[in-house]
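Line by line, the protein sequences are chains A and B. So for the first sequence, my numbering puts the first residue at 23; every next one is plus one. So for the second sequence, my numbering puts the first residue at 23; every next one is plus one.
Among the hints, erroneous ones may be present.
Where chains are identical, the list cannot tell them apart; a pair therefore holds if satisfied intra-copy or between any two copies.
[Stated by the list, open to error] Derived EDC-like pairs (lysine to aspartate or glutamate); straight-line CA-CA distance at most 20 Å: (1) K343 x D121; (2) K343 x D327; (3) K343 x E120; (4) K343 x D355; (5) K343 x D240; (6) K400 x E90; (7) K343 x D283.
In short, the hints are calculated from the structure, not lab data.
Number of protein chains: 2
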Amino acid sequence: MSALATLPLFAMSPWSAAQPGAPAAQIDTPALLLDLDAFDRNLARMQAALAGSGTRLRPHAKSHKCPEIARRQIAAGAVGICCQKLAEAAVFVNAGIEDVLITNQVVGPAKLQRLAELATRARIGVLVDHARQAQDLSAAAHARGARVDVYVEVDVGAGRCGVRADQAGALAAQIVALPALRFAGLHCYHGSAQHLRRPEERQAAIAAAAAHARAARDAVEAAGIPVGIITGAGTGSFVHERDSGVYNELQPGSYIFMDRDYADNTAGPDDIRFEHALFVKTTVQSRPVPGRAVVDAGLKASSVDSGMPAPWQQPDVGYLKASDEHGVLGGDDGALPAMGESLLLVPGHCDPTVNLYDELVCVRGLASGAGTVEAVWKIEARGALL
Amino acid sequence: MSALATLPLFAMSPWSAAQPGAPAAQIDTPALLLDLDAFDRNLARMQAALAGSGTRLRPHAKSHKCPEIARRQIAAGAVGICCQKLAEAAVFVNAGIEDVLITNQVVGPAKLQRLAELATRARIGVLVDHARQAQDLSAAAHARGARVDVYVEVDVGAGRCGVRADQAGALAAQIVALPALRFAGLHCYHGSAQHLRRPEERQAAIAAAAAHARAARDAVEAAGIPVGIITGAGTGSFVHERDSGVYNELQPGSYIFMDRDYADNTAGPDDIRFEHALFVKTTVQSRPVPGRAVVDAGLKASSVDSGMPAPWQQPDVGYLKASDEHGVLGGDDGALPAMGESLLLVPGHCDPTVNLYDELVCVRGLASGAGTVEAVWKIEARGALL
């Protein structure tokens, strides 16, 4: 069996929530819905926001894990995609995506062998923040006759992985000296800035991140090494990286979907408005007492790591608590839906919610209240953790 | 296509973390590991705890979603299993499990048609807390020529679904009057009691729950209807339901695995000790600064709805925060594992963590440090949300 041979298994859901052509009202629940009209507008808005800015778009596919969405992002102008995991990257390459940046360190001989094989079939980038990672990667790629793009990860304020800006030159020099690697640039992502609530907080955080990125660029250039790409940014902050004069590639992911947590950010004057396009459809299964409705979507249907989902266009209804398979809604009894009625939830956090589903039920005309299922897209990298 | 025809798809993980026969040290990460020795002891301990008690075991399969585990639970003495979702039940029936109680309301014509079909192939139980649910279920079952066990759900203190104890008699009478239904008993589960930290709190909560269950039983019997089964309980409280004199069936699920949240309960003198048998294996991918190690298991690898996972047998190492695909460990630098080294995490909450994986890597001899992969079990009902 070759290193990347796929393992055929049967999907675990015994049936689909909907078939193409069905009215949206007939979608079984819980199901993950994509409002295709809002999604198309979000795609176009991001491309418009970057046009003429000197930054290119490499959207993060960890948000959607769906090759059909990656193809549409690239058709709209993206240069490729980001993934967070080697196994995700393999899914996208197997689906025909030709340019994938794994925005993560990849360690261990088994993974490096697979990464090298993948790099013979597509352009693959990966991050390093230590010379040993680069040495091991170089050895694996060299053995396989592959060439891998390598980015130095710089800690620009997130306090997670990455070297200090002043260490970037030395690490870049080590990369340049290794065979089978191509020093591609700097990865300067500030994750924790994305959900700072006030626009001036996000602006200040990215101003600081851009200063680190600039210092890292200067350190690499001082070592005589040209810096190609300076990549980073997310949906909450990308206008600031775009306007920084330092970044030339942006990685937002959630803009296609938006979630409750992003909606909780206060927009600044420069921020681009994206629409909620991702919903969990749920049904009231019990109305045990006045003022309480229990729905069939709990924390296995809508991830609660960033708080509860929000009932969509139901200002008088609150999603109060989630257990594994139940959600408890509260509010004035007259505002609550009746037993058997359905409603839409805006997930608290889109990425881990998408990762709970095998399929995305794509609806055209959802906002009209009489939409139709246009397609069912496979979330092919769902669960691709390795 | 028949109502329960399966939909063949390919699994989303492009490769497995391990193959049977491999040394445990070679399991790729992140991976979900089952310590088979601890698991076997947990199975035996639960059966021993119920022997001669007048209560039977119907373990909850929402914790494991794995037919291989269900078969072992039944072989050890369980009468059948619980599921929380119709789609889960279908997976287990398709895998040969013959007695499944869906501990939930099931609403809507599409689901009821599937439920009725399932009930022609296995013994299926389901809960109701409103007469209309029973009427709709009866109509669907009657049309299919099926017979369904129906339990009245009683709110015994959880404040989620269920009727009041004094309403149980009237609802039971309505069930008895409907064709194609068999009134099977009362469902009296107190979910929120499971994680009360102090043993006397759990004991008091279950004493109150048992009083509600007794009152509901009396109300049904006063309507001239015999009550067969009174079912409920979870891993945190089951000794109290066992000893209540009211319950005759228990539904614990997590006892086979145990998680960090259950370990945070203070054990009382009557509590049975179960062992951690479920682990997320993870690898250090980055050691950016002294005192910090970043691992490859974030919130898509170990659910954080009940708090962070806990590093196993690493008392000086803390798992500080999770992002989608990164976990940040902190501690004294000398205590932290080096880049490339692996460690085990005890998940914060086992049920939603299992639901993130397609496979359970089963290791014999894990505690010795030199274990072997004995089997890889499919988590077949992973993502079975409908």
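Hints, one by one, checked against the model:
no. : hint        : verdict
1   : K343 x D121 : neither (41 Å within a copy, 31 Å between copies)
2   : K343 x D327 : both (12 Å within a copy, 11 Å between copies)
3   : K343 x E120 : neither (42 Å within a copy, 33 Å between copies)
4   : K343 x D355 : within (17 Å within a copy, 39 Å between copies)
5   : K343 x D240 : neither (50 Å within a copy, 32 Å between copies)
6   : K400 x E90  : within (8 Å within a copy, 27 Å between copies)
7   : K343 x D283 : both (16 Å within a copy, 18 Å between copies)
When held up to the earlier numbered hints, the structure conflicts with 1, 3, 5 and fits the remainder.
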